[in-house]
Amino acid sequence: MKRDIFDRLVAAKAAATPVALITDLTSGLQSLVFEDAVHGGFGLEAETLDEVRRRIRQDRSGLLTDPQDEDGFRLFVHVHNPAMRLLIVGAVHIAQALAPLAVLSGYDVTVIDPRGAFATPARFPNIKLNSAWPDEALTALAPDMRTAIVTLSHDPKLDDPALIAALRSPAFYVGALGSKRTHALRLDRLRDEGLSEAQVKRIRGPVGLSIGAVTPAEIALSILGQITCVRRGENHPC
Amino acid sequence: MNDTLMADNIIEQAAAWRSAGRKVALATVIATWGSSPRPVGSQMAVDDSGAMAGSVSGGCIENAVAHEAAKTMEDSEPRLLSFGITNEMAWEVGLACGGQVQVYVEAVE
Chain Y
1 MKRDIFDRLV AAKAAATPVA LITDLTSGLQ SLVFEDAVHG GFGLEAETLD EVRRRIRQDR
61 SGLLTDPQDE DGFRLFVHVH NPAMRLLIVG AVHIAQALAP LAVLSGYDVT VIDPRGAFAT
121 PARFPNIKLN SAWPDEALTA LAPDMRTAIV TLSHDPKLDD PALIAALRSP AFYVGALGSK
181 RTHALRLDRL RDEGLSEAQV KRIRGPVGLS IGAVTPAEIA LSILGQITCV RRGENHPC
Chain D
1 MNDTLMADNI IEQAAAWRSA GRKVALATVI ATWGSSPRPV GSQMAVDDSG AMAGSVSGGC
61 IENAVAHEAA KTMEDSEPRL LSFGITNEMA WEVGLACGGQ VQVYVEAVE
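Note that the protein sequences, when read in sequence, are chains Y and D. When we follow our numbering, the leftmost residue of the first sequence carries the number 1, and every step to the right adds one. When we follow our numbering, the leftmost residue of the second sequence carries the number 1, and every step to the right adds one.
So that you can see chain Y by itself, here it is in the shape it has in the complex (with noise of 0.2 Å):
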């Protein structure tokens, strides 16, 4: 890999930028394709571009087969997006087992907290926390469709308007802890909030795969099993 184009792609990592490196796996060129600009060793087709785009939008490395070539020329696209987030309502003891999880699991982590007793580094060492209300929080976070959502707090004053947030962000993941009973009543709440059933239905409530889960730990484990399910697990009931 030619020094300019490493350099490059070291830099797009760091700055959070998403990239894919396009590979001739005949004669070892490679460029690097951004969403506003190109750079490296060879020409791209127009065609070829919006294909690998396509490609960075959904997260899909692989090989490309040029149908111009009969000779089979190939190019290989490696995507390079940023890692996915997790957006964790409430600092509370599960929030500790399950944001060091997610980040073993590649995870860019934030808690949301604004009770100051809570979200403390000494409870939460190298993770980002976050002491804005969570409806304002999550507006700054802007949460897209690489973005999971979790509220652990059990306070509806911290974790409805929070949902509210989630629930109206392409999030492709939002997740609520509490009993099947709290739960509907928060459903209730919502509803009342003006949110309608399509959206109320996209919580995963009670947060988690059924596992049988008791200590925090294990309920932390239950949650980012469901997130990896939802992410991953296409032909599997989460």
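Derived by calculation from the structure, the hints in this document are not laboratory data. Incorrect hints may have been included.
Each computed PhoX-like pair below joins lysine-lysine, with the alpha-carbon atoms no more than 25 Å apart [unchecked claim]:
(1) D:LYS23 <-> Y:LYS2
(2) D:LYS23 <-> D:LYS71
(3) D:LYS71 <-> Y:LYS2
(4) D:LYS23 <-> Y:LYS13
FRET-style restraints, in silico, Cβ to Cβ [as the list claims (entries may be wrong)]:
(5) Y:GLN58 <-> D:SER76: 52 to 58 Å
(6) Y:ALA122 <-> D:LYS71: 45 to 51 Å
(7) Y:ASN126 <-> D:GLY21: 24 to 30 Å
(8) Y:ASP7 <-> D:GLY34: 34 to 40 Å
(9) Y:ALA184 <-> D:HIS67: 34 to 40 Å
(10) D:LYS71 <-> Y:HIS236: 28 to 34 Å
(11) D:HIS67 <-> Y:HIS93: 46 to 52 Å
To be clear about the criterion: a stretch of chain D counts as covered by chain Y if any three or more of its residues have a C-beta under 8 Å from a C-beta of chain Y, and this derived list gives those stretches [unchecked claim]:
(12) 9–16
(13) 22–35
As the structure is a prediction and not an experimental result, all values here were calculated from the model. No residue lacks a Cβ here, since even glycine has one placed at the ideal position from N, Cα and C.
Starting from the known structure of chain Y, arrange chain D on it as the hints suggest.
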């Protein structure tokens, strides 16, 4: 937390090794068939002392890939390796953990 366990920081590891003056090669899974253990895009970085970060399988072909990576660091020629595939042109070994996988190995300048 152990950085080398993180999902997608192999490029960063390669950059750190290169900054430290070491030769570095990258191995990337470019295609898989069947039950190969790691998906397309999985990477392993190897340096000139044989240190490895990341993986391209469940541990069954890393040694062989590292061996080819050492050659790539010497001659700067990229290599396309095939495992578990019948192909006369490909350098073959069995893939103990099942499936078939193609790995592209390149030196970082």
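Of all the hints numbered above, which does this structure not satisfy? Sort the numbers upward. 5, 9 and 10
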